[in-house]
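With chain H fixed as given, assemble chain Y with the ligands onto it according to the hints.
Next come the chains, spelled out residue by residue.
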Amino acid sequence: MTVKTVKSLNIDIKHLSRVEGHGDIRIRVEDGKLAECTWAVVETPRFFEVMFKGLSIEMAPILAARICGICSISHALASARAIERALKIEIPGPASMIRLLAKHAETLQSHSLHLFFLVAPDFLNVPSMIPIMHTNPQVAETAVKIKWFANRAADLLVGRSTHPIGIKIGGLTQIPRKMQLKELAKDLDATIPYLWKTLDLFKGFKMPDFVRETELVSLRGVNRYPFIGGDLISSDGVRKEEDEYRSMTNEYIVDFSNSKLTRLSRESFAVGALARFNNNYDLLHPKAKEAAEGLNLRPGVHNPYFYNLAQLVECFHVMYESKELLLELIDLDTSKFSIHYKVRRCEGIGAVEAPRGILYHYHRISDEGKIEKADCVIPTNQNNGNIYYDLHKLVNELIVQGMEGKEIERLSQMLVRAYDPCISCSVH
Amino acid sequence: MKYLGITLERPKIGVFDFTGCEGCQLQIANKEEDLKDLFDLVEIVNFREISSDRREDYEIAFIDGCITTDSEVARLKKIRKQAGILVAMGACACLGGVNNLRSRFSLSDVIREVYDRHHINTGPVRKVADVVHVDIELPGCPISKPEFEWLVRHLVLGIEPQFPKYPVCVECKQRLNSCVLDMGLMCLGPVTRAGCNAVCPRNRLGCWGCRGPSEEANFESLIEILREKGFTEEHIAERVKFFNAFSGVLNSDR
Ligand code: SF4
Ligand code: SF4
Ligand code: SF4
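The listed protein sequences derive, respectively, from chains H and Y.
Quick note: the first sequence uses our numbering, first residue 2, plus one each step.
Quick note: the second sequence uses our numbering, first residue 98, plus one each step.
It cannot be assumed that every hint is accurate.
[As the list claims (entries may be wrong)] Calculated lysine to aspartate or glutamate pairs in the EDC-like style (CA-CA distance at most 20 Å, straight line):
1. H:371 x Y:210
2. H:198 x H:322
3. H:54 x Y:206
4. H:15 x Y:153
5. H:407 x H:25
6. H:374 x Y:331
7. H:407 x Y:150
8. Y:109 x Y:134
9. H:343 x H:25
10. H:371 x Y:331
11. H:54 x Y:330
12. Y:326 x H:91
13. H:407 x H:13
14. H:169 x Y:279
15. H:169 x Y:335
16. Y:133 x H:322
[As the list claims (entries may be wrong)] Derived list of chain Y stretches under chain H, where covered just means 3 residues or more per stretch with a C-beta under 8 Å from a C-beta of chain H:
17. 141 to 149
18. 165 to 175
19. 187 to 198
20. 308 to 322
Hint data in this document are derived by calculation from the structure and do not stem from the laboratory.
Glycine included, every Cβ here is placed at the ideal spot set by N, Cα and C.
Only chain H is shown next, with the shape it has when bound in the complex (with noise of 0.2 Å):
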């Protein structure tokens, strides 16, 4: 059998379409070697350390939402949390479930964002949602029923789901009624048959064959699958608290990009739903774990296409786990949703588990009650390298195998949209 490698092959995709922000991703084989492979990062920062400066901290988790439109909850929840466990104080038991159930509804939200709007097309082979609305109208309503309810979720918890309103310093503004919170679960049990439909239509797609071993980083739930605080895990057996994120993260500057990179014990990790999955599998809702058990996602995969899938059994996860928060939030005295805090000179890091994986934020407060120093580590910021070395190996392999150019190229810019990556959030 003759082996046919690519002779050569010039592939320049500017700004990757059906992902958030600009990226680029450039790939060059020459004599039949790889002679150039990139996953550039080309959006421009907007330098939110320097604006955090000086602030009052009441300012900074609403600064911190407008990094990212798609994951500005978790911004806010890490931001909040790091200058709330800087002043150490204990937010009450309601506000910190609203928080989560507020989580749950952005990770919702964003995950469907990204299985139906960004995946699906590729897997039915169109340009974008647009024409499945016609072509295949009950996909587009099983897409449009599910992000109805995750919206309208964030909408009643924390006031909206872009740039939410709801969180400050301490607590909550408001806590909803108990008649809002009756009317948000029946509505829920209502959208849960079309997550099965979901589940339905994944397992008709067959993602592609490529492994790459990796280390995979997230928080690791105390008796619940993480989202909010933690300690710091990786798979290949590093163990931190979330207040030495800096040496969990050790980010450092490349030429071709904006973005910063990170790494650990190797040259690149990953985080995100795939790492959550493998490191907090057995905290996950049983009705979860059978979804993963229908798609045949088991621990231990190291396939980057099956973050698509891991998404889809953590929107199972958390629409279970917000429909027993919300049966025990109606049972519970809800009065007490925020508590006063004096300000002093402190520090603090918050990491919570945004959709695309663990972020970090970190504010120094002064006596006065000012930010006087800010860091964030953003999800796609960690995974960037590891994209990076995912395209090399993929690309590598499927020259041997004497893969057209188109493929290639189709196949390059799923891999880089399973991370799902959102670059203005990485670039910040």
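Only chain Y with the ligands this time, still in chain H's reference frame:
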């Protein structure tokens, strides 16, 4: 139907992102209930975030984000040439938005703080109208979904959109919200252009002025009230400057 001399029948739309959080364009994909109606009303020919179709024959361009680099300036000018109607969408595009907070420091200090000695291609924060002519400004951080649809319907029908001129307070009272200013919170609702349905006061947060000033806003009297309520000059200034919506209204700016 004609608007600004352009005949629009199922107009072709492009959505373009510059330096921002992309939250504004996300609102477009977010209005699920009638997403399909919207896509029937207009033809989306260029919207990178949700589609790999990229055509250059758009008639209306929606721009989100502020402008910071030379390549963005060039890209924006090219879009302006093609588009009959150019809409600046959101506080970043209309006002510079929160990005202006970095303008308090010198550009070299800004870069050094984040990237140390590394070379980064960036420039001062500019709103869209600083670079090209803007036909319509759709305010907010983020834009309001219903308002976006309302605007599109107007453009399709060729009716000139009339944005509310009155302040957020009017909507706030219509919704029977309790006034957060009376509850001791700072609120810029009295001087901010309505249209968001007073969503922040509704959720017990003062307005931060993301939609820019209302017509004939009486800043002096609001600032007087805020002082009387015990807010410091510094606190007032920080709030007023957050979205860069009210430049020049504070004595300290003059
Ligand atoms: S105006 Fe606000 S929501 Fe829109 S892009 Fe700018 S920061 Fe994001
Ligand atoms: S809460 Fe703000 S916007 Fe509403 S009435 Fe009071 S001052 Fe006006
Ligand atoms: S209430 Fe004020 S800050 Fe809030 S959305 Fe409306 S204009 Fe913007």
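Could you work out which earlier hints the structure fails to respect and list their numbers in ascending sequence?
-> Numbers 9, 12, 16 and 20, in rising order.
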